[in-house]
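**Student:** Line by line, the protein sequences are chains A and B.
Position 174, counted from 1, in the first sequence is what my numbering calls 174; the numbers after and before it change by one each time, with no gaps.
Position 195, counted from 1, in the second sequence is what my numbering calls 195; the numbers after and before it change by one each time, with no gaps.
Check before you lean on any hint, since a few could be wrong.
Okay, derived cross-link-like pairs now, DSBU-like style, lysine-lysine, Cα gap no bigger than 30 Å in a straight line [claimed, not checked]: (1) B:K83 - B:K6; (2) B:K206 - A:K156; (3) B:K26 - A:K76; (4) B:K280 - A:K14; (5) B:K4 - A:K199; (6) B:K173 - A:K14; (7) A:K14 - B:K168; (8) A:K208 - B:K26; (9) A:K162 - A:K102.
Simulated restraints on C-beta separations [what the hints assert, rightly or not]: (10) B:E221 - A:E21: 18 to 26 Å; (11) A:V239 - B:F191: 52 to 60 Å; (12) B:K2 - A:K102: 40 to 48 Å; (13) A:Y5 - B:A88: 57 to 65 Å.
Just some of the chain A residues that point at chain B, by a computed CB distance under 7 Å [stated by the list, open to error]: (14) L17; (15) T53; (16) L135.
Hints listed in this document are in silico derivations from the structure and should not be mistaken for laboratory results.
Virtual Cβ for every residue (Gly too), placed ideally from N, Cα, C.
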Amino acid sequence: MSRQYPHFTTMGEKAILMEFEPEISEKTLKLVLNYKNSIENNLSQPLVEVINTYNSLLITYISTIENVYDEILTLKRCISEANIGKNINSKLYHIPVCYDEKFGLDLQLLAIQNMLSVPEIIRLHTTPIYSVYFLGFLPGFLYLGGLDEKLIISRKSTPRLKVEKGAVGIGENQTGIYPKSSPGGWQIIGNSPVNFFDKNSLPPSEYKAGDKVKFYAVTMEEYLEISQEISNGNFQLKVENYES
Amino acid sequence: MKAKIKVLQPGLYSSIQDLGRFGFGKFGVPQSGVMDSYSAKMCNLLLNNSEEKPVLEITQMGPKLEFNESSKIAICGALINPKLNEKAVFNNQVIQVKNGDVLSFGKLEFGCRAYLGISGGFISDIILNSSSWYEGITHQFRLLKGDELFFNSSSTFDNITNSGIKVKTDYLKEQIVPVYIGPEFYLLSKFQRTDLLSSIFSIDKKNNRMAVQLQEPLLNELRPIITGPVLPGTVQLTPSGNLIVLMRDCQTTGGYPRILHLSEEGINVLSQKLADDPIKFSLLNP
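Whole structure, please, built from the sequences with the hints as guidance.
**Tutor:** As structure tokens, then:
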């Protein structure tokens, strides 16, 4: 069935869903984020929340939408005013990952299945600049795009009951970090000592859709050192401004 | 002054909830909040509290609570035969409690979740603008034996209450769950739509604050979608044909087709259902 995009539907009484071409791409992400910015700038923030995923924007209202048609017209006006060619101002975060066997529970499996050496896996995983498409699944979980095709591996057929906090995993063509321990089905290749979510800060996560992430490998010794610095509050994450 | 309630028995699953967290979905934080917002709001209204005051959500089996200060309480929602000092008290009324009084519950008569409100509301840490308990966000997520609950004891004695108001209870036994069409409804075949909207479904054992699964599958050939936003009330159709209704503690994104969306009233109705209870969806918009 063919549809016209953006396509508007409601999700219950308090939310409007705006959908774009069903594809996962940097181009769609940029379009979605430019529309998101325009909507956020035009609607009163505390009463409305705009969440994006790969190809959707969900506009949630704190109370029941009185006139859905009027609201959709307002949203259409917002997107017609959006500058879709505009660069997205974002940040590039350099994230330390320890790929030691103690953490990388599935490194050997990945090495055998994809016919790669462990150093090769680490090189392939630390080379790309990944895009944060959105946060979801768990508080502070980043959906990252940009994984090297050679690292694609299917999820575990039976998920682990407990994946450790900080675990770095691969599931199909996605990679990500578990912000807290949780059941999970991704293949685990390492662990990052960095915190991605702090319920006691506002905002609780400094990462947002459109940001970039690059991993760098650290030894077990460095990992422990960074963990110590993080708990003492004197670890400085390397962050750069980034335009895309 | 902060007054205490001692938890002598926690009940099956009790937690402090308000109207939930708004504005943190972009960080992947679930909304949480009371499952049945009607009962919780009525509870606060009876006590002349503002509607967002934290209440205790009680599931199927009630706790046993000892008050160490006088106050007024009200219980709405499921009828679990509440007793004060072993003497029957009633739902949907303002009840005076004194220091040393013990509130307990008996057999569940109907519904699934009861709400205990207290004058001024329960006091519980506000994290990300809400007191709603959720694992990993608040310090605890369910009531345990020996816990203490807190409330404000200041001059609640002469407070005006609204004990005259009439609280609806018929919806607690309602089978009809009002729904809207969901974003992927259009992908369903005519046969699937008829099946979905005319069949009687029963609640599965797998039902909690996160989701309610239905026992009867729907014949399905729809594939997963690109992960997209979901909300409490979203009805997902899995590749094996299972229907999963997302509830207040659900995640913020999901990859199954979203074929229906419960109205707020629909969420309230479903919140009061037990395993094996029958339900039927009824479409609100054409």
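**Student:** Evaluate each hint against the coordinates.
**Tutor:** Tested hints:
Our distance criterion of 30 Å between C-alpha atoms is met by K83 (chain B) and K6 (chain B), whose separation comes to about 16 Å. Restraint check for K206 (chain B) and K156 (chain A): the C-alpha separation of about 23 Å stays at or below 30 Å, so the hint holds. A threshold of 30 Å between alpha carbons decides the hint, and for K26 (chain B) with K76 (chain A) the separation of about 22 Å falls inside it, so the pair holds. A C-alpha spacing of about 23 Å is found between K280 (chain B) and K14 (chain A), which places the hinted pair at or below 30 Å, so the restraint holds.
A hinted pair counts as satisfied when its Cα atoms are at most 30 Å apart, and K4 (chain B) with K199 (chain A) qualifies at roughly 26 Å. Of the supplied pair hints, the one linking K173 (chain B) and K14 (chain A) holds, its CA atoms being roughly 26 Å apart against a limit of 30 Å. Using a Cα cut-off of 30 Å, the hinted pair K14 (chain A) and K168 (chain B) holds, with the two alpha carbons roughly 23 Å apart. Between K208 (chain A) and K26 (chain B) the CA atoms are separated by roughly 8 Å; this keeps the pair inside 30 Å, and the hint holds.
Only pairs whose Cα atoms come within 30 Å are accepted, and K162 (chain A) paired with K102 (chain A) is accepted, the gap being roughly 15 Å. One distance hint, 18 to 26 Å for the beta-carbon pair E221 (chain B) and E21 (chain A), holds here, with the actual separation near 23 Å. Between V239 (chain A) and F191 (chain B), the C-beta spacing of about 54 Å keeps the proposed range 52 to 60 Å intact. Against the hinted window of 40 to 48 Å, the Cβ-Cβ separation of K2 (chain B) and K102 (chain A) comes to about 46 Å, which satisfies the hint.
Distance hint for Y5 (chain A) and A88 (chain B): a CB-CB separation of about 60 Å, consistent with the stated range 57 to 65 Å. With a cut of 7 Å, the hint placing L17 (chain A) at the interface with chain B holds, because the nearest CB-to-CB distance is about 6 Å. Look at T53 (chain A): its Cβ gets to within about 5 Å of chain B, closer than 7 Å, so that hint holds up. Interface restraint check for L135 (chain A): the shortest CB-CB distance to chain B comes to about 4 Å, inside 7 Å, so the restraint holds.
Checked against the numbered hints given earlier, the structure satisfies every one of them.
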